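**Student:** Chains as they are written, first to last, in my numbering: chain A, 8 to 217; chain F, 244 to 444.
Simulated from the structure, these hints should not be mistaken for laboratory data. For clarity, every value in this text was computed on a predicted model and none was experimentally measured. One should not assume that every hint holds.
[Unchecked claim] Some chain F residues close to chain A (C-beta under 8 angstroms, calculated; not the full set): (1) Asp332; (2) Gly335; (3) Tyr339.
[What the hints assert, rightly or not] Label pairs and their computed distance ranges (CB to CB): (4) Ala65/A <-> Lys436/F: 50 to 60 angstroms; (5) Ile102/A <-> Tyr370/F: 28 to 38 angstroms; (6) Arg57/A <-> Lys373/F: 47 to 57 angstroms; (7) Asp393/F <-> Ser170/A: 44 to 54 angstroms; (8) Leu131/A <-> Lys436/F: 44 to 54 angstroms; (9) Cys25/A <-> Tyr370/F: 39 to 49 angstroms; (10) Met169/A <-> Arg398/F: 26 to 36 angstroms; (11) Ile318/F <-> Ser55/A: 31 to 41 angstroms; (12) Leu50/A <-> Glu396/F: 58 to 68 angstroms; (13) Val29/A <-> Lys436/F: 23 to 33 angstroms; (14) Leu23/A <-> Pro381/F: 38 to 48 angstroms.
For each residue, glycine too, the CB sits at the ideal point set by N, CA and C.
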Amino acid sequence: MVYSLAIGFCDTSRMLCCSFIVSFSFCTANSESDSKKLQDFLLTMESSIRDHPLWAGATEEEIDCAVEGLEKYVMTKLFTRTFASSEDTKVDQEISEKICLLQHFIKPEHLDIPGPYHNETSWLFAQKELQKMNAFKAPREKLLCILNCCRVINNLLLNVAMSSDNVPAGADDFLPILIYVTIKARPPWQILLSCIQTSNSYNYIGGSQN
Amino acid sequence: MGCSSSLPDRTTSGRLDSLNSQVVGATESKNARVKLVLLGDSGVGKSCIVLRFVRGQFDPNSKVTVGASFLSQTIALHDSTTVKFEIWDTAGQERYAALAPLYYRGAAVAVVVYDITSPESFDKAQYWVKELQKHGNPDIVMALVGNKADLHENRKVPVQDGVDYAEKNGMFFIETSAKTADNINELFEEIAKRLPQVSSS
Chain A
8 MVYSLAIGFC
18 DTSRMLCCSF
28 IVSFSFCTAN
38 SESDSKKLQD
48 FLLTMESSIR
58 DHPLWAGATE
68 EEIDCAVEGL
78 EKYVMTKLFT
88 RTFASSEDTK
98 VDQEISEKIC
108 LLQHFIKPEH
118 LDIPGPYHNE
128 TSWLFAQKEL
138 QKMNAFKAPR
148 EKLLCILNCC
158 RVINNLLLNV
168 AMSSDNVPAG
178 ADDFLPILIY
188 VTIKARPPWQ
198 ILLSCIQTSN
208 SYNYIGGSQN
Chain F
244 MGCSSSLPDR
254 TTSGRLDSLN
264 SQVVGATESK
274 NARVKLVLLG
284 DSGVGKSCIV
294 LRFVRGQFDP
304 NSKVTVGASF
314 LSQTIALHDS
324 TTVKFEIWDT
334 AGQERYAALA
344 PLYYRGAAVA
354 VVVYDITSPE
364 SFDKAQYWVK
374 ELQKHGNPDI
384 VMALVGNKAD
394 LHENRKVPVQ
404 DGVDYAEKNG
414 MFFIETSAKT
424 ADNINELFEE
434 IAKRLPQVSS
444 S
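Please construct the entire structure, taking both the sequences and the accompanying hints into account.
**Tutor:** In structure tokens form, the structure reads like this:
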């Protein structure tokens, strides 16, 4: 009984997803309306999940996870459509070239990074986290890579603050390091702007950066 | 600053409220969510103020897991209204001034901080106030904060200067000490009371 219920639910969801993905690919790309369409779709799916007997005992967190999973699936499928429009790609290319130029001569001093924070190992680790972005397709996962990079930097700041009885670090110390790490993270870095724009237009920034 | 305040808040970070979180956030009955940005010269103690405010109500020994560049803290007012501050710290160095609009865009509150022992930082604070008046959200609640009030024997900026400047620009003024925690909670409580969505609800 539960089994057939599950099959039925899966079938319906799959049909809805497919039709959403197909309908999406027919319209011309427009990040604003695309974002709205995606939000509406996810809301509809969320309410159908809530109404379904199969999910009756689910906690808020489980439902959130389900919707997040669904979102990841849909965004991965729509990657070519939602990411890197020709315009963005052009800008990405330009930024990438500029970063390449900067990469070779930039020194931590150029960015006002205070001495105690000069820690190549930690910076390299942060760069690696950032570079993982290219390996993911769903915006939420890309954003997580940025977040992890920031965590590495924050750990460095924290260690310095704890070991030297320093005043706690804030944005004065954090931002220069983040910029340095971003410049030093080696290309392929083509889709930096696309990543950020996609993240912005799909409204991840507001909810996830705690 | 405790781990509990820095963890992602799953109940409020849904897709829905990210849509309307820009200016004042969801004003569900008596719970407001506001974006607060800190501006001021580097070294005036912006991050110390936030850390004091956020950590003060938690275990001071709790380990910091996420940095002070973005923190949130909720306060409860006497009439059972709660205000959740999403606090954005900015880099105060001159070379990063151009990035500030990215931070104060959509902010409901701006806290402009200077150091009472540094006249340069007071000048810089006035620069930020003008900048916000020109380019900020017109309904933004602004507070002028003279920090390091514990160093009164080195005071270079008279209290009256701060009071006058704040009054002329319709701002709330307070002197604080992040070191001794003086006036830190008062600062945020006063800001909360001045929020239009709190006083009107």
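**Student:** Now, for every hint given, state plainly whether the structure supports it.
**Tutor:** Here is what the structure says about each hint:
For aspartate 332/F, the shortest C-beta to C-beta distance to chain A is roughly 4 angstroms, which falls under 8 angstroms, so the interface hint holds. Interface hint at glycine 335/F: satisfied, since its Cβ lies 5 angstroms from the closest Cβ of chain A, which is below the 8 angstroms cut-off. The closest approach between the C-beta of tyrosine 339/F and any C-beta of chain A is roughly 6 angstroms, which is under the 8 angstroms cut-off, so the hint is satisfied. A hinted range of 50 to 60 angstroms is violated for the C-beta pair alanine 65/A and lysine 436/F, which are about 40 angstroms apart.
In this structure the hint that isoleucine 102/A and tyrosine 370/F lie 28 to 38 angstroms apart at CB holds, the actual value being about 29 angstroms. At about 50 angstroms, the beta-carbon gap between arginine 57/A and lysine 373/F stays in the expected band of 47 to 57 angstroms. Roughly 25 angstroms separates the CB atoms of aspartate 393/F and serine 170/A, a value that falls outside the hinted 44 to 54 angstroms. Under the hint 44 to 54 angstroms, the C-beta atoms of leucine 131/A and lysine 436/F, about 47 angstroms apart, fit the expected range.
Look at cysteine 25/A against tyrosine 370/F: about 56 angstroms separates their beta carbons, and that is not inside 39 to 49 angstroms. A C-beta distance of roughly 31 angstroms is found between methionine 169/A and arginine 398/F, which places it inside the suggested range of 26 to 36 angstroms. Taking 31 to 41 angstroms as the suggested C-beta distance range, the pair isoleucine 318/F and serine 55/A conforms, at roughly 38 angstroms. For leucine 50/A and glutamate 396/F, the Cβ-Cβ distance of about 60 angstroms falls inside the hinted range of 58 to 68 angstroms, so the restraint holds.
Checking the proposed 23 to 33 angstroms range against valine 29/A and lysine 436/F shows it is violated: the Cβ atoms sit about 52 angstroms from each other. Between leucine 23/A and proline 381/F the Cβ separation comes to about 43 angstroms, which falls inside the hinted range of 38 to 48 angstroms.
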